[in-house]
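Turn these sequences into a full structure, and let the hints steer you where they fit.
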Amino acid sequence: MERTLSPFQQPSPRRPYPMRRQARTVDVIVIGAGHAGLAMSARLTARQVEHVVLEAGDIGQRWRQERWDSLRLLTPNWTMTLPGQPYSGVNPDGFMHKDALADYLAAYARGQRSPVKRDSRVHSVRAVNDRYLVTTTQGEWYCRGLVIATGAYANAVLPRVAEAVPAGVTQLTARDYRNTSDLPRGKVLVVGGSATGLQLAQELRASGREVVLSVGEHVRMPRTVAGRDIYWWLSEAGVLYEAASDVDDLVRARRLPSPQLVGQPGPDLNLGRLAAEGVEIVGRFAGISDGKAQFSGNLPHLCKSADLKLKRLLDRFAEAVPGVLRNDELNVEPTMFGRPRLAIKLGDEIKSVLWATGYAPDYSWLDVDVLDRKGRLRHDGGVVAAPGIYALGLPLMRSRASTFIAGTAADTEAIAEHLFGYLETCAQPLAAST
Amino acid sequence: METTTVNAQRVDNGVNVDALIGAREALTEAPAGAQFTWRATSDWINGTHTRANVKGFHGLGDEQSHRQTFSFDSDHPEIFAAEDAGATPVEYVLVGLAGCLTAGVASVAQNRDIQLNKVSATIEGAMDIQGILGIDGDVRNGFEDVTVRFDIDADATPEEIEALVAQSQKRSAVFDIITNPTQVTVQVEG
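Protein sequence lines correspond, in order, to chains A and B.
Here my numbering is used: position 115 in the first sequence is 146, and no number is missing along the way.
Here my numbering is used: position 170 in the second sequence is 501, and no number is missing along the way.
Hints in this document: simulated from the structure, not taken from any laboratory.
Ideal Cβ placement from N, Cα and C applies to all residues, glycine included.
Keep in mind that a hint or two might mislead.
Computed cross-link-like contacts, BS3-like style, restricted to lysine-lysine with a CA-CA straight-line distance of at most 27 angstroms [unchecked claim]:
1. A/K340 <-> A/K218
2. B/K501 <-> A/K218
3. A/K405 <-> B/K501
4. A/K323 <-> A/K405
5. A/K376 <-> A/K323
6. A/K342 <-> B/K386
7. A/K218 <-> B/K449
8. A/K218 <-> A/K382
9. B/K386 <-> A/K335
10. A/K376 <-> A/K218
11. A/K129 <-> A/K148
12. A/K335 <-> B/K501
13. B/K501 <-> B/K449
14. B/K501 <-> A/K323
15. B/K386 <-> A/K340
Covered, in the sense of this in silico footprint (three residues per stretch, anywhere, with C-beta under 8 angstroms from a C-beta of chain A), are these stretches of chain B [as the list claims (entries may be wrong)]:
16. 364-370
17. 506-513
Below, the structure is given as structure tokens:
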């Protein structure tokens, strides 16, 4: 069982909002001015649909304020295509720094003249007859159509074992970590085998610290294959744009952690490399007993599985793009590092724990019955299970590209088409009925 | 008229995959039914000899039962100055892992249309008995290492067989029980 609220980062309590005399009315409300919300806004503007984009803070805020200092995108610049704005910079093969992405999004919003309402945190959305009433820090809105573009990465997710970590051990989530100075001196346990966990373990180790990295199920991926970036291959082989409906086990695929990548050229970031750099690799952080962190003994199995899956991916590349890969380039070096320890004393040996255990969306403000028993949005390709409500940017929402900027153009186009159809079924324009 | 080509030999590992997939779908809708309790009872016979029985269990919202009572004698070998009336309890753990992983291989192979001809496993648990004898407090009681070696003959590539074994571990209850900590409560009644 996991819970989705970090004890270190409680959301701000619901404050009473300044009341306006009257709720405003608009055909469509987009919640969230990230890349998905802004792209949707561009689609709506192109069809002259009256709308606003409600943004809790400022454009790109999560990138600026809720990510670590050194973060660069995992996807190369040439994939950074938004509706009406293909990438036109000088470095298509580079990887954007997170702050540069925030600037990129702000420039996009200006270029598209998106009607963004800043500092408009949404406190609740509920159905009122055939409309939705959206309550924000800046008053109330009525709308027919609602696009949830708040992303899949709002709250840091912690495993339940976090509750049992002794008080003397500092705990921090990757969402709150900025740089190595945020952690006390001494050995740090980084928990999480995704891109985040591996990047932070490497950064901490490079700063001279002793680092233990706890790894569960993970996705191993090389930065380049035969000199070409992995996203070129994923794109060419039809993996990146593979439709959700074509994916074997969609529930599982949607839960997969991000691949072990870092947004820079150079040797691959993987467990073998980190071990060679002096990071101690252990299994999934499974429990605490007698003050000792206990790690699962299934790591050899998980590494073997990740190696097998990478091999299948390379075979798929070779099949889709024949004649490029030599046989030796299809080999996967088995993941090897010493014998993982099964228990480590917390406090005595480990002074801090950095949780890189993933994110979950926040729907605490959504008072419409559209969540399943695990709190996930019920939707079919982004068409949410309530009339006029849509989602964007969720993992494998319509395709594997749905969480990437690269997938935004196709997803917003499809969702916009559905939304336009819905608006036409509404008896009359909303503005006329109020 | 349209004709359909049917494989002359249908893959049959004796696993009813349709029933398993049906159960998965049904229990996704009704998760309460997925709550199972497995049960064993045991009686001390003499020395280190104990007999355990397995018959009833709880699941699908109701009491369930095996078709018969299964009985298991556990004891220790003669070099432990015991009667050797049965396998040692730690060997039962290996037996459980063998049964669980092999059942998984068969089920996954059926689901992937892979015909199995032979699935043999050799399972070893390495143990330093200085732990259980209380000689050295730094030595744990249980296994230091468990190794499983599969010998599989199937109508599949070596990579497909590797993937079968990997998926079997992923879905194995006993593999999970051995590799992860479990809360255990022991109390005395009466």
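Problem - 27 angstroms Cα cutoff - pair B/K501, B/K449 - result: OK: B/K501 and B/K449 at ~21 angstroms, within 27 angstroms.
Problem - Restraint check for B/K501 with A/K218, where alpha carbons must lie at most 27 angstroms apart - result: Outside the cut-off at roughly 31 angstroms; violated.
Handout entry: Three-residue Cβ test at 8 angstroms for the coverage of the region 364-370 of chain B by chain A
Key = With 0 residues closer than 8 angstroms to chain A, the region 364-370 of chain B misses the three-residue bar; violated.
Practice task
Compare the distance between the alpha carbons of A/K218 and B/K449 with 27 angstroms, and conclude whether the hinted pair is satisfied.
Solution key: 48 angstroms, violated
Handout entry: Restraint check for A/K129 with A/K148, where alpha carbons must lie at most 27 angstroms apart
Key = This hinted pair holds, its Cα atoms lying about 22 angstroms apart.
Problem - Pair hint A/K342 and B/K386, alpha-carbon separation not exceeding 27 angstroms - result: Violated, because 44 angstroms separates the two Cα atoms, which is more than 27 angstroms.
Practice task
Measure nothing beyond the straight line between the CA atoms of B/K386 and A/K335; if it is 27 angstroms or shorter, mark the hint as holding.
Solution key: 37 angstroms, violated
Practice task
Count the residues of the region 506-513 of chain B whose CB lies closer than 8 angstroms to any CB of chain A, then report whether that count reaches three.
Solution key: holds (count 6)
Problem - Straight-line alpha-carbon gap A/K323 to A/K405, limit 27 angstroms - result: 30 angstroms, violated
Handout entry: Agreement of B/K501 and A/K323 with the hint, judged by alpha carbon distance not exceeding 27 angstroms
Key = 25 angstroms, holds
Problem - Given hint A/K382 paired with A/K218 - CA-CA distance at most 27 angstroms - result: 6 angstroms, holds
Handout entry: Restraint check for A/K335 with B/K501, where alpha carbons must lie at most 27 angstroms apart
Key = 11 angstroms, holds
In this structure, the hints that do not hold are numbers 1, 2, 4, 6, 7, 9, 15, 16, in rising order.
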